[in-house]
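Working from the sequences, and respecting the hints, build out all of it.
Number of protein chains: 2
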Amino acid sequence: MSPPASDKLKMAAHAASSPSPISNPNPSTRARSNSHERRPAPSGKAASRVSQVADHLQPSQSLPSTLRFEMSSQEFKQAPHKLLVIPGPIEVADDVLLANAHPSMSHVSPDFVPVFGDCIRMMRQVLYAPNSQPFITSGSGTLGWDQVAANVVEPGDEVLVLNTGYFGDSFAECLEVYGAKVTQIKAPIGSKPTLDEVEAALKQKKYKAMTFTHVDTSVATLADAKGLGELVARVSPETVVVLDGVCSVASEEIRMEEWGIDVVLTASQKGLGCPPGLCIVAASKKAIAAFEARSVPPNSYFASWKKWLPVMRAYEAGTGAYFATPPTNLIYALHRSLTTITKGSVSLEERFKMHVEASNRVKSFVTELGLKQLVQDGFKDGAHGMTAVRYPEGLQASDLLPKLVAKNVVVAAGLHAVVKNEYFRIGHMGVTVVNDKERGDLDHLLKSIKEALLESGYKPPN
Amino acid sequence: MSPPASDKLKMAAHAASSPSPISNPNPSTRARSNSHERRPAPSGKAASRVSQVADHLQPSQSLPSTLRFEMSSQEFKQAPHKLLVIPGPIEVADDVLLANAHPSMSHVSPDFVPVFGDCIRMMRQVLYAPNSQPFITSGSGTLGWDQVAANVVEPGDEVLVLNTGYFGDSFAECLEVYGAKVTQIKAPIGSKPTLDEVEAALKQKKYKAMTFTHVDTSVATLADAKGLGELVARVSPETVVVLDGVCSVASEEIRMEEWGIDVVLTASQKGLGCPPGLCIVAASKKAIAAFEARSVPPNSYFASWKKWLPVMRAYEAGTGAYFATPPTNLIYALHRSLTTITKGSVSLEERFKMHVEASNRVKSFVTELGLKQLVQDGFKDGAHGMTAVRYPEGLQASDLLPKLVAKNVVVAAGLHAVVKNEYFRIGHMGVTVVNDKERGDLDHLLKSIKEALLESGYKPPN
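Top line first, the protein sequences correspond to chains X and Z.
All residue numbers for the first sequence refer to the UniProt record's numbering, where the first residue is 1 and numbers rise by one.
All residue numbers for the second sequence refer to the UniProt record's numbering, where the first residue is 1 and numbers rise by one.
Given that identical chains are not distinguished, each listed pair holds provided it fits within a single copy or across any two copies.
The calculated EDC-like cross-link candidates involving lysine to aspartate or glutamate, where the alpha carbons are at most 16 angstroms apart (straight line), are: (1) K77 to D95; (2) K447 to E368; (3) K307 to D169; (4) K307 to E176; (5) K306 to E173; (6) K307 to E173; (7) K285 to E257; (8) K306 to E176; (9) K286 to E230.
These are calculated hints, taken from the structure and not from any lab test.
Quick caveat: nothing in here was measured; it's all calculated off a predicted structure.
Shown next, in the form of structure tokens:
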């Protein structure tokens, strides 16, 4: 899509290139604060950047305050805090947090537009989906459900929801708000619908879409995304396959196109390693075609792809366009995190493998301690970015969790309504997994769990 | 509303008190990065905090990486950048950006919950609305329209839209997506509907709601919010009065309850001085009553007050609850900015006065240069947080705006479709106004405009 001339004009109002620790992540650049009493004056590259900027000013002018300071990611270290090992938000790297503190930028400036465009391109890489259309907006994972319900599905359409817990219930409710007719296959807690059950359902009725929760954060089940995609391709190829990847994107392998997944929806605060506040959706050509073939317009405004599609295409084309102001700082944070994920020293494949290994380590540790998971065979059917662990008999949340807090470890209580007092949840995603060697998060986590159990009077086997 | 026991339980899973530059903004705390090669070891309060945290650990344990570092707001200075004087996003203060880089926190932790609660309480102060219900969610101002359209208005309801430009068009479109029957009073560009016109319209038909754009960012008009509120109270008291305050909250006085305004919707990146990514709405008792009296449920999921109302009440009550993950870091940023706005050295009244003065200064300056505003009498009918200025005859965007960029000043091009190539927009809100003495933003801005005009060949009068 070619941008309208008016957008090009609007861009002329903005800066062509501002020095930024985000777009210039040169490790040799050690910029310094300009507090002259305590620090040497800028030198080297930092000085030359300030000087480039200063060149634009008249000699008699002093530098305005906005041009005076700079902080490199080498200097920025986040404040001390307890280790956050819940299934999202997760620990966020210093460089990502610094990007979230980027100076305020115009959402249509030539500095910001390519950063947004890069995020769109990198999301395709993370999902192995070179032909998909990502949508990146402010919001949360929940808004992804609205996007599916208001753009892919039309009022009266039949939708099959594979329900593995809390998030299946909610997605079904959201679809119904927008007028879908929902059929659910509900699995017992910690289990998931079998491919046979799903096949039988798909053969009974023509469904416009089928949704499943890749990792249900309430119970830590992992759906067979590949198997489900292949099944739909075989028995109901018109059905749009929707993967709720809020708790799986970037911590679980998702080969969107190869597996026949049509929509992946997620959020920024889990495997993607950013602060919360972004809703991220990717739509296959089939999903976009279903949207374009609607007989009625989308029945949401803020979640409307009719509004967002031209905006995403414009940002990717390098121009920028306006529907609603994008959350610029979170986009910088996402850019930083996606750059690490797609271009860092750990490949995407290696990242997924490390999550499997960390998951096995956590699951083995709690098993050896004599604890059970909510998922019956957690090694086979469980998520790799989180683990749901039952309290040992006689213990409950109030025995264990405050003791973990006292050890500076924050895990999450149960969430599934029926059993929420019987288990706790551990998140092991992102830097906690991939940078574990430097950080030691997993050691600290596991040691603390064991100590808290012993302090609670629990006697492990042997 | 009393929180369910399950939420209390969930909270037990989280930290009781973590040291944080946000919740402990003691100016004497000069924490230091732990790069031992270059810096002295932590001393004073910073050291004692680290030691408090370390007390929780066994003596043999080393501090985990998450507990090692801290950065005070005195040390954090944002990177050099061009002066951002568009009508939002605006310049953001260092302490607000540092809050946006807060360590990742659980959205239901006892540390975070009161921060969210404080934001809700402080928003009431900013709006002089002690009895209103604020809603703070991820999103943008646009999502506020969805909230009104899906919660206050029911399909088939009549709504009167006072249209002063781009944002009136869009609000009307949003209302129609959700099924409202919209009547518009469209004012000529740079003008606004008169109270007489509005009164006549209100007497012709019974409207469920009336909406107006307090400051239309496309043209810089300022609506008579007080007059409109009083008018509706007099001639159509059942009508819900909706003020679109995206470009007015915290830069224009809004006495929500005294003036009879029922809904104020806004976003974080303008007068509130934060990065973009938050949708903020406040609803009066009358608006909440209209919501509660609906005959059909809200026709949005993510924008549903049915979902958000219990969440907002729980956070304010100090417990926390879950519907969709709140954007924790942006909430910390908002908390920091709202603390300055409501408890800083400049009172709220003084803040509004300073915006009026800055506006007069900018408007006088361009007038003396012989330039005209889009608003005919900008001093009387124009916004105080922005100014829309016509290019002098013979000049256009491409003459002036790149010259401003070269002077490190970023203004915005035109937005109103009919005249967008005929004018540019200047934002003067937040720190650029309130901290102008230290920052010198306005001097730099005005001087740069004059220089750019002269360089373009423009000859001012005299």
